[in-house]
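The residues making up each chain are set out below.
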Amino acid sequence: AQSVTQPDIHITVSEGASLELRCNYSYGATPYLFWYVQSPGQGLQLLLKYFSGDTLVQGIKGFEAEFKRSQSSFNLRKPSVHWSDAAEYFCAVGLSNFGNEKLTFGTGTRLTIIP
Amino acid sequence: NAGVMQNPRHLVRRRGQEARLRCSPVKGHSHVYWYRQLPEEGLKFMVYLQKENIIDESGMPKERFSAEFPKEGPSILRIQQVVRGDSAAYFCASSPPKRPGGAFFGQGTRLTVV
Numbered sequence: 514a515q516s517v518t519q520p521d522i523h524i525t526v527s528e529g530a531s532l533e534l535r536c537n538y539s540y541g542a543t544p545y546l547f548w549y550v551q552s553p554g555q556g557l558q559l560l561l562k563y564f565s566g567d568t569l570v571q572g573i574k575g576f577e578a579e580f581k582r583s584q585s586s587f588n589l590r591k592p593s594v595h596w597s598d599a600a601e602y603f604c605a606v607g608l609s610n611f612g613n614e615k616l617t618f619g620t621g622t623r624l625t626i627i628p
Numbered sequence: 497n498a499g500v501m502q503n504p505r506h507l508v509r510r511r512g513q514e515a516r517l518r519c520s521p522v523k524g525h526s527h528v529y530w531y532r533q534l535p536e537e538g539l540k541f542m543v544y545l546q547k548e549n550i551i552d553e554s555g556m557p558k559e560r561f562s563a564e565f566p567k568e569g570p571s572i573l574r575i576q577q578v579v580r581g582d583s584a585a586y587f588c589a590s591s592p593p594k595r596p597g598g599a600f601f602g603q604g605t606r607l608t609v610v
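Read top to bottom, the protein sequences are chains L and X.
With this note's numbering as the guide, the letters of the first sequence map in order to residues 514 to 628.
With this note's numbering as the guide, the letters of the second sequence map in order to residues 497 to 610.
The set of hints was computed from the structure by calculation and includes no laboratory data.
Fair warning: there could be bad hints in the mix.
What the hints assert, rightly or not - Using 20 Å as the maximum straight-line C-alpha spacing, the simulated DMTMM-like pairs for lysine to aspartate or glutamate come out as follows:
no.: 1; chain 1: X; residue 1: Lys540; chain 2: L; residue 2: Glu577
no.: 2; chain 1: X; residue 1: Lys540; chain 2: L; residue 2: Asp521
no.: 3; chain 1: X; residue 1: Lys523; chain 2: X; residue 2: Glu548
no.: 4; chain 1: L; residue 1: Lys574; chain 2: L; residue 2: Asp598
no.: 5; chain 1: X; residue 1: Lys558; chain 2: X; residue 2: Glu536
no.: 6; chain 1: L; residue 1: Lys581; chain 2: L; residue 2: Asp598
Every value quoted in this text rests on a predicted model; they were computed, and no experiment measured them.
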């Protein structure tokens with residue numbers, strides 16, 4: 514069964530600083546990988562996704578993520594964070610076949626931005 | 497974004513009552529997924545449905561929980577005889593058929609059992 518690990522429960526970053534959120538997955542086949550963001554009391558918004566091809570994926574809001582098969586990682590990065598980026602971030606892995614996009618989520622990383 | 501619509505947004509039930517959560521998928525999406533998020537945890541898959549069919553219910557508790565996605569109307573997640581441990585946020589997601597693109601999530605229903 515697939516699993517996702519987000520080792521950092523809570524990260525605090527200064528506004529304007531760079532950000533990297535870690536995600537490691539365990540899955541036997543080629544994974545579909547996703548990053549979602551959840552603001553307090555809200556649903557999940559898709560930031561970016563990886564299916565195949567270029568291992569560096571660009572997403573919305575200036576985020577990017579790099580798929581590293583050798584490390585089973587899909588870390589999320591942003592060169593300069595804004596106060597509005599404070600939220601909960603979830604990494605997820607999906608099945609690599611069509612028809613069932615059931616996702617397995619990590620436990621999330623809460624991002625706090627300080628002035 | 498005429499996205500996934502869930503209602504109600506907040507639901508309070510007393511122990512032993514029934515909870516009905518509704519989800520209208522994005523227009524044209526025929527796949528619906530339900531997830532549960534317990535406090536301070538990530539989302540856990542519950543069930544995957546297509547119109548009139550349950551495809552994967554491997555994450556559903558064996559008792560008191562049921563889900564449907566009828567030919568007409570929204571998908572319904574039903575919890576009978578709720579207990580305090582059912583208090584959680586329940587999210588619905590939808591996706592189009594035959595195109596993996598990442599599911600679209602609704603804003604969730606926050607169920608509180610008192």
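For each hint, the structure was consulted:
1. Lys540/X <-> Glu577/L: violated (25 Å)
2. Lys540/X <-> Asp521/L: holds (19 Å)
3. Lys523/X <-> Glu548/X: The hint holds at about 16 Å.
4. Lys574/L <-> Asp598/L: With a Cα-Cα distance of about 9 Å, the restraint between Lys574/L and Asp598/L holds, given a limit of 20 Å.
5. Lys558/X <-> Glu536/X: Distance ~24 Å between Lys558/X and Glu536/X Cα, so the pair is violated.
6. Lys581/L <-> Asp598/L: Violated: Lys581/L and Asp598/L sit about 24 Å apart, past 20 Å.
Violated hints, in rising order: 1, 5, 6; the structure is consistent with all others.
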